[in-house]
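Listed here are the chains, written in short residue letters.
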Amino acid sequence: MAEPFTVFRSRVLPLPAENVDTDQIVPARYLKVTDKAGLADALFRDWRYDEDGSLKEPRFVLDQPGMTGRRILLVGDNFGAGSSREHAAWALASWGVRAILSTSYADIFRSNSLKNGVLPIVVDPTTHARLFELLARDPDAELTVDLSEQGVLLPDGTTIDFDIDPFAKRMILAGTDELGYLLAKDAEISAWEAAHPPRINALTPAGQPTAG
Amino acid sequence: MSKPRTIVDKIWTDHVVSQDPGAPAVLAIDLHLVHEVTSPQAFSGLRARGIGVRRPTQTVATADHSIPTTDRSLPFLDQMAAAQVRQLEVNCAEFGIPLHGIGDPSQGIVHVIGPQLGLTQPGMTIVCGDSHTSTHGAFGALAFGIGTSEVEMVLATQTLLQRDPKTYEVRVDGRLTPGVSAKDVILALIARIGVGGGTGHVFEYTGEAIRGLTMEQRMTICNMSIEGGARAGLIAPDDTTFEYLHGRAHAPHGASWDAAVEGWRRLPTDAGATYDKSITIDADALEPMVTYGTNPGMGIPISGRVPSPRDQADPGQRRALEHALEYMDLRPGQPILGQKVDVVFVGSCTNGRISDLRLAASVLKDRHIADGVRLMVVPGSDEVKREAEREGLDQVFKAAGADWREAGCSMCIAMNGDQLRPGQYAVSTSNRNFEGRQGKGGRTFLASPLTAAASALAGVVADPRRLPGIETLAAVGGR
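Heads up: the sequence lines are chains A and B, in that order.
The numbers in the working numbering rise by one with no breaks, and the one at position 24 of the first sequence is 24.
Quick note, the working numbering runs 1000 ahead of the 1-based positions in the second sequence.
The hints are simulated quantities; they were obtained by calculation from the structure and are not laboratory data.
Check before you lean on any hint, since a few could be wrong.
Heads up, simulated DSS-like pairs for lysine-lysine below, C-alpha to C-alpha not over 27 Å straight-line [unchecked claim]:
#1 K1340(B) to K1440(B)
#2 K185(A) to K1440(B)
#3 K1340(B) to K36(A)
#4 K1010(B) to K185(A)
Model, not experiment: these values are computed from the prediction.
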C-alpha cells in the first residue's frame, strides 16, 4: 500500500489532451509483467519514444528539461478512459505522480488511482482552463496539494477546493487499504453468505451437458 | 405500495452485505472471472498477507489475453507471456480455482466462456479484472470491470466496496434495417454521447429494437458500454435470455430451473421507475457505423464524411480531432467509404461469437478477399471454433483467403504478436481504436462483422448494404 498522503508542494506536468486512454498511459505490450515494479519506463511509452527506442523530438512533456520530480499532472477531460489495467496507476505512481488535476476521470481509472495513493482531483472547466493559463505564463509555478483540507493552493495565494469521497480520503490519509477494511467485515460477510446460497459452483456443473 | 425500482436497484439491494455510515457498501459478488494479465499481482498480495481465496467455487479462470492464436502444440515464442500464463496455472492450482487454460475445451475469451458455460445468469453481480466485463450485463446481471487491487479484494472476501451507481436508460426504438447490426447501435450511441458520456452510470438498454435482439447481439451492445464511459450496461432478462441459458452446463436445471426463472422474471425495471439520465435512439434511422478516429466516440454513419476540426466549437475537441486525423492520416471531409484497408480482423469479446462468424462467413461464401488484404478470423472460444468447424465456416473462411486461428483476444489488444504494422489500416470488429491499440502505429476502423467482411472483399471500407442478398444475409446468426 502507498505511504500516508501528506501535504506536498510541486511543479506541474501539463498535458493538454482529452480522453487520454489507458492504452496511451501504458501500452498493452507492457502488461505481461507479474509484479508492479518498473512500469515508470512504460508510462506514456509510445508518446515518448520512437520505434528505435530513442526519445521523440520534440520531447514529450515527461522528458523535457526540468520535469523529473514533478508530482502533479494537469490533463484534459476524461483521463484514464478504456481498459481496467491498474498498471496505468502503478506506472504513474512509479514515475512519481501523486496527484492529477482534470475535469473528469474514467470510473475504473479513478478507483485504481485512489488505491495507489494517486489523487484524482476534479476541478471545474473554468478552473481547469485557468490552471493551463497559469502554466503557460509560468511553467515552473508550484502548487500545494492538501488532502486533509481538500484544497490546492496556487502561487497567488488563492485555493481551489475539491471534493473527494470521504471514505477514500480517510484511506489515503491513513495509508491503509480497502482490503484490510473488508477483511474486518468477515462476520457480516459470513452471515450474508449463510442467508444467500451461492448461485453457482464453478467446480461442478449443474448436471447437464453444455448446450451448443 | 413500494417505490418502483430499476433492475440495477434490485440487483444492488440484493447484494449489499453491510454499509457503514459514510462508507461505500460492501457488495457481495456472485461470480469472479480471472485471466492471466490482471491477476498475478493480486495473488501475490494474497500470499504476502497469508490469506486464501474465500470462494474458489465462485471463481473461474481462463487464459486469453496474451496467448498465441497459432498452433497450440507449439511452445510460446514470447517468454514473458509464457511466464504469465504459467503463473496463472500455478496460482489457480495453489488457490483451488478452476482454470480453463490452453488445451481445455472450454478455453476462450473470458467474456465469451462465461455465458457459454451458463455461469453468467440474470440478477448476479459479476466482476473481472477487465473492462469488457460489462458484456455479461446482456443477461440482466450487474457486471463490471475492476482493477487488480479489487481483484485481490474479491479473491480474499468475495465482496467489493462500491458506491451505488447512477442509472442511464438507453432506449432503442423501432427496428434495425438489413445490414445494420448490434455493433452499429452501440457505435451510434457512443458517437452521440462521447466516450465519457456514461461515466458514473450504468446503462440499461431498453426498447423494441433491444427486445428483438438475440443474446449474442445483446452481448455485443453491453460489451461496449465501457466505451461510452459506463462501467456496466445491462438488459432486463426475458424469454430470449432464458432460452439461451436453458441446458447450459452451469445453468440451474430441473426444479431449480423453474424456481430460478420465476425469480428472474421479477428483475426487470418496474413501470414508473426513474433513471438519472436517458437517451432515445431510433433504430430505423441507423446506418452501419464506422469509426474514423482514435477513440470509439469518433464514429460516423458509413455513408458519411470525416468531420473537420474547423467545425468543432470546443478548442479541446478541435485539438483532439486534429490529432486523431493526423494519426489516422485522413483528410477532413473525405468519405470513409473507399478508404484503403490492409487488414481485417474478425473476433474479440465484442464480435467473436458463433453468430458473428456466421455473418462474416455468409458474406465471404464463394468469394475471395481483395489482393493485398489480410483477413484474420479469430473465434472467441474453443467451443465457438469447434462449432464453426462443425458448420464448415472454417472452410468458407479459408477458401476466401482468410487466416483461421485459435481462440483468444488476439489483435483486439495485440499483446500476443497478432498486430498491425505501423501505418497499416484495419477494419476491426473489436472495441477500441485507440492509438497503437492493435499494434504501434496501426490505424483502426471499428465496425460490425458484416462491414468487416464486405471491406475484406473490397479491399476498402465498404457498405454491407450494397452486398447482393443483404436481406437474407442479415438474418443469419441465430441466438
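Here is what the structure says about each hint:
no., hint, result
1, K1340(B) to K1440(B), "holds, 19 Å"
2, K185(A) to K1440(B), "violated, 45 Å"
3, K1340(B) to K36(A), "violated, 40 Å"
4, K1010(B) to K185(A), "holds, 23 Å"
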